[in-house]
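**Student:** Starting from the known structure of chain A, fit chains B, C and D onto it as the hints suggest.
Protein chains: 4
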Amino acid sequence: MATSIRIFVTGGTFDKEYDMIHGKLYFKDTHLPEIFKLGRCTLDITVRTLMMIDSLDMIEEDRELIRRHCMRCDENHIVITHGTDTMVQTAKLIAQAKLDKTVVLTGAMIPYKFGSSDGFFNLGNALAFVQALPKGVYIAMNGRYFRPDNVRKNKSTGFFEPLEDES
Amino acid sequence: MATSIRIFVTGGTFDKEYDMIHGKLYFKDTHLPEIFKLGRCTLDITVRTLMMIDSLDMIEEDRELIRRHCMRCDENHIVITHGTDTMVQTAKLIAQAKLDKTVVLTGAMIPYKFGSSDGFFNLGNALAFVQALPKGVYIAMNGRYFRPDNVRKNKSTGFFEPLEDES
Amino acid sequence: MATSIRIFVTGGTFDKEYDMIHGKLYFKDTHLPEIFKLGRCTLDITVRTLMMIDSLDMIEEDRELIRRHCMRCDENHIVITHGTDTMVQTAKLIAQAKLDKTVVLTGAMIPYKFGSSDGFFNLGNALAFVQALPKGVYIAMNGRYFRPDNVRKNKSTGFFEPLEDES
Amino acid sequence: MATSIRIFVTGGTFDKEYDMIHGKLYFKDTHLPEIFKLGRCTLDITVRTLMMIDSLDMIEEDRELIRRHCMRCDENHIVITHGTDTMVQTAKLIAQAKLDKTVVLTGAMIPYKFGSSDGFFNLGNALAFVQALPKGVYIAMNGRYFRPDNVRKNKSTGFFEPLEDES
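Here the protein sequences line up with chains A, B, C and D, keeping their order. If you read the first sequence in the working numbering, its first letter stands for residue 1, the second for the next number, and so on. If you read the second sequence in the working numbering, its first letter stands for residue 1001, the second for the next number, and so on. If you read the third sequence in the working numbering, its first letter stands for residue 2001, the second for the next number, and so on. If you read the fourth sequence in the working numbering, its first letter stands for residue 3001, the second for the next number, and so on.
Bound-form chain A, shown alone (with noise of 0.2 Å):
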């Protein structure tokens, strides 16, 4: 039977929208479902949306919650789609609750709903990783996958970049 894998939802510039009243950027709902969808995606998933912010208003009540939720969940293998500005703090965070589960945090540069959006492949990238990485906490940026005491987001170019060369 393939993976069983739980979803939680946070927010972020993954699911932003467009709202062409006020010509801002909002949160509605999350573009999950479509993504996988799209993806043609046969795995078995739960999705729940625990909030709808971006990750620079996250108070740490937001990430003890998140935590909470990773480690209360009958899943082993937990994606959170998370705002990149604080997905190192948070991956931190639920790294110190030492689960015996693979979680994987992942975000977007852009939202999903741009057309242009790394969203799409970043997803792609987090389901493999949670799959096929061994127990502990991740993040996946850039085709890439991060140990949160090794990585941080480089604010100038947007890309995640590892602290110290792991060669």
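Simulated from the structure, these hints should not be mistaken for laboratory data. These numbers were taken from a predicted model, which means no experiment stands behind them. Don't be surprised by glycine CBs; every beta carbon is placed ideally from N, CA and C. Do not take every clue at face value.
[Stated by the list, open to error] Beyond 12 Å from chain A on every Cβ pair, some chain D residues (computed):
| no. | residue |
| --- | --- |
| 1 | L3025 |
| 2 | D3029 |
| 3 | R3063 |
| 4 | E3064 |
| 5 | L3065 |
| 6 | K3098 |
| 7 | T3157 |
| 8 | E3161 |
[Said to hold, decoys possible] Keeping only pairs whose Cα atoms sit at most 27 Å apart, straight-line, the calculated DSS-like set for lysine-lysine is:
| no. | chain 1 | residue 1 | chain 2 | residue 2 |
| --- | --- | --- | --- | --- |
| 9 | D | K3028 | A | K155 |
| 10 | B | K1037 | D | K3101 |
| 11 | D | K3155 | A | K24 |
| 12 | C | K2037 | D | K3037 |
| 13 | C | K2135 | D | K3153 |
| 14 | C | K2135 | B | K1113 |
| 15 | B | K1028 | C | K2024 |
| 16 | C | K2153 | D | K3037 |
| 17 | D | K3153 | A | K28 |
| 18 | A | K37 | B | K1037 |
| 19 | A | K92 | A | K155 |
**Tutor:** Just chains B, C and D now, kept in the frame of chain A:
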């Protein structure tokens, strides 16, 4: 350093385009470089096009050529884009070589250029699986990975299914 | 009140889709309602599908049917979506009826569903021409309008051209 | 010969892009040339960017500049891409000049780069209206054309509506 990954392009639906003069689908160049750019992928990837054909038109010499390239290339992580109709057959042939490498075959049911393709997602899957799975040959489709001797393409739905439930 | 516009759908490249199981192009339903929604169009439009065929497969009875519908419908402003290969032929037949109506034929070189189609633009053209041009029959392609007796489709480029320079 | 058309770009939602580093919308270059290519447009068009601003940020001198360019340019057929919020105001100012030209203002509610924009359709409308309507100043939005003194943008729906029913 990021893993070095070799990609062999063989054609398939993935890279088909629409010829507006004749109203037919055809092959021109691979779209992989533009896909990696869109995915903001920073992996160390080398792409080589081996052929640009429908997998129904593949003869044994074509598959043999693909296998030899898998054996000879320097990289231990190989992704092959391939038509879905005979993907399993090619995977089985490569598996016989018992290479000390991770080889992942992937493809698409809808051409990448058609806007609603599964290809971008599948390639995200394949690139993650090739980094995270142990040595062996795999097929990455529908968000999942399969062993060549335990998968078939369901011709009426287009989905890849395990021959027997692997649970 | 906004002008009442009748649209007759006859098929053509415009409405072709990709059949992923057989790897072929085919007709299902027209995409016009979704196009009007995307274009945020508030015109009073009634769509009727007369046939869903390649214009190369049209026989004289098909064209005759289209002409009769143009004559009989209540609206004086008619847009016909049509395959480009024999669009001129159908336009000439309708012109013979010397209707007291404005009739604009349009189509696409690339299917609407393929993401990079000219169809959305062409339909925008056609809907504006049908409101603003005097009574008569016209072809709207490549941003321009043509009289049926002074246009041909250039088969090697796919562009519509005047037979003689109308300057 | 095809009509010579002048296009003046002034910014507006139409040409906004997503700045992935700062998560904000901004202006870079106009997308008009790529739109004409996608629309396979063979009209004789000359594009000039006058400004790249939100129409809410337009001051009277900006509108005056647009009007002067309409007066001075050689072409008698002019399309202006403009933010929707003050499009009517600019159209009224140009109308005061009583030019012997056809001037059509258009815009978009969703940026062209966002994949689901009305901009491609609106531009198709505007280019057709500018060729087919008599001398005067018009607003082309929602598939329709309006006179500047008989239209308003409904701020809650984003649709353009006639002040009074013109039937």
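**Student:** If a hint holds in the structure, say so; if it doesn't, say that too.
**Tutor:** Structure-based check of each hint:
no.: 1; hint: L3025; in the structure: violated, 7 Å
no.: 2; hint: D3029; in the structure: holds, 15 Å
no.: 3; hint: R3063; in the structure: holds, 20 Å
no.: 4; hint: E3064; in the structure: holds, 25 Å
no.: 5; hint: L3065; in the structure: holds, 23 Å
no.: 6; hint: K3098; in the structure: holds, 33 Å
no.: 7; hint: T3157; in the structure: violated, 8 Å
no.: 8; hint: E3161; in the structure: holds, 15 Å
no.: 9; hint: D/K3028 - A/K155; in the structure: holds, 20 Å
no.: 10; hint: B/K1037 - D/K3101; in the structure: violated, 45 Å
no.: 11; hint: D/K3155 - A/K24; in the structure: holds, 14 Å
no.: 12; hint: C/K2037 - D/K3037; in the structure: holds, 23 Å
no.: 13; hint: C/K2135 - D/K3153; in the structure: violated, 31 Å
no.: 14; hint: C/K2135 - B/K1113; in the structure: violated, 40 Å
no.: 15; hint: B/K1028 - C/K2024; in the structure: holds, 18 Å
no.: 16; hint: C/K2153 - D/K3037; in the structure: holds, 18 Å
no.: 17; hint: D/K3153 - A/K28; in the structure: holds, 24 Å
no.: 18; hint: A/K37 - B/K1037; in the structure: holds, 23 Å
no.: 19; hint: A/K92 - A/K155; in the structure: holds, 19 Å
In terms of the numbered hints stated before, the structure departs from hints 1, 7, 10, 13, 14, listed from lowest to highest.
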